[in-house]
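These protein sequence lines map, in sequence, to chains R and D. For the first sequence, the residue numbers in UniProt numbering are 1 to 325. For the second sequence, the residue numbers in UniProt numbering are 1 to 404.
Worth flagging that the hints you see were computed from the coordinates, not collected in a lab. Virtual Cβ for every residue (Gly too), placed ideally from N, Cα, C. One thing to keep in mind: the hints can contain errors.
Claimed, not checked - Below are the DMTMM-like pairs computed for lysine to aspartate or glutamate, each with C-alpha atoms no more than 20 Å apart in a straight line:
| hint | chain 1 | residue 1 | chain 2 | residue 2 |
| --- | --- | --- | --- | --- |
| 1 | R | K306 | D | D384 |
| 2 | D | K390 | R | E305 |
| 3 | R | K306 | D | E364 |
| 4 | R | K50 | D | E237 |
| 5 | R | K306 | D | E131 |
| 6 | D | K357 | D | E131 |
What the hints assert, rightly or not - Not everything, but these chain R residues come out facing chain D in the computed CB check (under 7 Å):
| hint | residue |
| --- | --- |
| 7 | F34 |
| 8 | N55 |
| 9 | L302 |
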Amino acid sequence: MAKMNMLHAINSALDITMQEHPQACVFGEDVGYFGGVFRATSGLQEKYGKHRVFNTPLTEQGILGFANGLAAFGAPALAEIQFADYIFPAFDQIVNESAKFRYRSGNEFNVGNLTIRTPYGGGIAGGLYHSQSPEAYFAHTPGLKIVVPRNPYQAKGLLRACIKDDNPVIFFEPKRLYRASTGEVPEEDYSIELGKAEVVQQGTDVTLLAWGAQMEIVEQTAKQASEQGISCEVIDLRSILPWDVETIAKSVTKTGRLIVSHEAPITNGFGAEIAATIQQECFLHLESPIMRVCGLDTPYPLALEKEYVPDALKVMAAIKQSMDF
Amino acid sequence: MSNPNNVSLNINHDLTFIDGHALTIPTLSILTEDGDIHPSATAPDISKNTAIKLYETMRFIRLLDERMQGAQRQGRVSFYMQCLGEEAAVTASAAALDQDDMIMAQYREQAALHYRGFTLDQFMNQMFSNELDLGKGRQMPIHYGSKELNYMTISSPLGTQIPQATGYAYGQKVKHIDAKSGELESPIDNVTICYFGEGAASEGDFHAGLNMAAVHKAPVIFFARNNGYAISTPADEQFKGDGIASRGVGYGIKTIRVDGSDALAVFAATQKAREIASTHGEPVLIESIAYRLGAHSTSDDPSGYRSKDEEANHKVCPIDKFKKWLIKQDWLNEEDDAKAKEAIREDILAALKRAEKVQKPALEALISDVYDTPIPSLVRQYDDLKAHIKQHPDAYPITAGRIK
Ligand SMILES: Cc1ncc(C[n+]2csc(CCOP(=O)(O)OP(=O)(O)O)c2C)c(N)n1
Chain R
1 MAKMNMLHAI NSALDITMQE HPQACVFGED VGYFGGVFRA TSGLQEKYGK
51 HRVFNTPLTE QGILGFANGL AAFGAPALAE IQFADYIFPA FDQIVNESAK
101 FRYRSGNEFN VGNLTIRTPY GGGIAGGLYH SQSPEAYFAH TPGLKIVVPR
151 NPYQAKGLLR ACIKDDNPVI FFEPKRLYRA STGEVPEEDY SIELGKAEVV
201 QQGTDVTLLA WGAQMEIVEQ TAKQASEQGI SCEVIDLRSI LPWDVETIAK
251 SVTKTGRLIV SHEAPITNGF GAEIAATIQQ ECFLHLESPI MRVCGLDTPY
301 PLALEKEYVP DALKVMAAIK QSMDF
Chain D
1 MSNPNNVSLN INHDLTFIDG HALTIPTLSI LTEDGDIHPS ATAPDISKNT
51 AIKLYETMRF IRLLDERMQG AQRQGRVSFY MQCLGEEAAV TASAAALDQD
101 DMIMAQYREQ AALHYRGFTL DQFMNQMFSN ELDLGKGRQM PIHYGSKELN
151 YMTISSPLGT QIPQATGYAY GQKVKHIDAK SGELESPIDN VTICYFGEGA
201 ASEGDFHAGL NMAAVHKAPV IFFARNNGYA ISTPADEQFK GDGIASRGVG
251 YGIKTIRVDG SDALAVFAAT QKAREIASTH GEPVLIESIA YRLGAHSTSD
301 DPSGYRSKDE EANHKVCPID KFKKWLIKQD WLNEEDDAKA KEAIREDILA
351 ALKRAEKVQK PALEALISDV YDTPIPSLVR QYDDLKAHIK QHPDAYPITA
401 GRIK
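Excised from the complex, chain R in its bound form (with noise of 0.2 Å):
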């Protein structure tokens, strides 16, 4: 084990398959000799060459091209988008070409080496164009993985999985947390399954739910909510898709409330589609309407980014509007 920051655990989690699979690409703007504008991809360049770790020209529709046809013939395709609020050029390469190179085919041919790291979201002091949490565009899109860590352990063995796993992944990286978030993290590889949430704190009056960045705020709120008594069971999704429902209609039977809570804007966001299936999954074990507390249908602001996103004052108000129903 190793004290490292997400950025160290993320850059190892690239190292072991640099060194696993030798013609696996890392690649994306600044990501060379730089390492990356957050240096998630320091030293490998170093390491693997220029002709293996490079910087892409700044096209991301291109980047996506790119690793579609590099993931197409074999190669593990490790390609960054420097902040998630940059993806849509690359919409349709991602949409309509990751997404459904298998199906289209017959699996004649498929993208399932194909990575794709990007920094999102808020708490940054970015505004609209570098806070945004886009998760729920892609998870409309069959054929694709999502994945949100939240701490250095997640990002590590999450990454890896996503890299081992044999379809498209987006891993959608909290850039609040990069140097933040410090953790005990193992140097050798271990990977983290995909399509399983965590729970990360048993209890029994209401399940708090989230994913990435926002965990921390849950997990905050969890807190403050036990110091009056109510007993919060937090669970950290991780995979936004596939997504866990079992773990999640557990908790919520036998807790009986359920608040999911994200910074993308509310309506459409990947808690409505939580709220619905668990409605339908667990609707004889609700003692409340299942709450979302998530940014508002707004773009993402900068001077007013305390009232726009979801804090641990606004989880606790639904936690007690939950408790009092």
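For chain R, the structure is supplied; the task is to place chain D with the ligand on it using the hints.
Here is chain D with the ligand on its own, set in the frame of chain R:
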């Protein structure tokens, strides 16, 4: 053999491929480093007033950049981007336009905006995202915009302004097409200039924008700022072939490359480009070559990817070069220049302090402008949020005191 439209069939019997660098585009240079007109060059037609205003803009922007870079290090603003090394490219191109021509910029073009008349307080209010910011505190520092000054508000996603500029310029032209005859009545009164970096020129939007402009003949001046780097990526990892200029040619667009550290060359090229765009109603591409002397932004540290030697090799100061020429014209003297600099520094500091004290936008700014009027779900969310803030005023100090 058929002749596909628009392709010249110059039949040849050798198996020859054209090399990517076969087209070498010359670079227009007018001013020498000593501030003289190059012996074989012709100075553009520039009035004393314009020349002085051009210089004053560059001088102001250099001082603003220095101060705001410092202010970011002191934690007073969250982010800043200077245009060190590119002052002449941006200012001189803006100076060659009409005040009502549209500017669609990338982000490193504060000098063009100041040339148009954006005030010091307006710059500061945007950077401090306070309630006087025209953009209502929604975007990061340096994302300026002003309808009054015909300067489209900056959007961070790179390259998106390029096809938009084509469309905007087409609008400027379509007004001048006679409905009956379909003929263009020229000159078109206003055109659009579109700035972007050599990095942004790799985006799909660049190719889409240039192609649309060429095919539909939009009066847009594409101004590529080739400053050698896109964050850490050097231009030779960005494109092959002869710069961005060769792409303009490839798309069938009249193209020129200029020394971007030479205010007179940039002025001359842009003046001519404007004339072409407005009389013929067609696009023009200018590629300016001027090294990015500073960091990409305050979040960046160029020592990690380029050597001191390389930086030293590019130390040409576009402002000094132009200043030497002005002094030789007897339009400027060192003493007045030094005094003016002192006064500007004081103004900048005072404006910074003023903007810092202005309060942040009220809560209403969170939901306005998402639509023309807030849709019902947003109104409900807003009411819930207001109630929540009223219950916890201490947690939301920026807005709580002002909620009715
Ligand atoms: C679509 C998109 N991708 C990535 C970014 C992140 N980014 C901001 S500036 C920049 C470099 C731009 O370089 P260039 O166009 O050459 O302009 P310069 O900064 O050199 O003036 C990058 C990669 C972005 N803003 N938009």
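Cross-check of the supplied hints:
1. At most 20 Å may separate the alpha-carbon atoms for a hinted pair to count; K306/R and D384/D meet this at roughly 15 Å.
2. Between K390/D and E305/R, the direct Cα distance comes to roughly 17 Å. Compliance with the 20 Å bound is thereby established for this hinted pair.
3. The suggested pairing of K306/R with E364/D holds, with an alpha-carbon distance near 14 Å, which does not exceed 20 Å.
4. As the CA atoms of K50/R and E237/D are separated by approximately 11 Å, the hinted pair is consistent with the 20 Å bound.
5. Between the alpha carbons of K306/R and E131/D the distance comes to roughly 16 Å, so the proposed pair stays at or under 20 Å and holds.
6. Our distance criterion of 20 Å between C-alpha atoms is met by K357/D and E131/D, whose separation comes to about 11 Å.
7. Taking 7 Å as the C-beta contact cut-off toward chain D, the hint placing F34/R at the interface holds, the least distance being around 4 Å.
8. Residue-level restraint check for N55/R holds (minimum Cβ-Cβ distance to chain D is 4 Å; threshold 7 Å).
9. Interface restraint check: L302/R against chain D, minimum CB-CB distance 5 Å, threshold 7 Å, status holds.
Every hint from the earlier list agrees with this structure, and none is contradicted.
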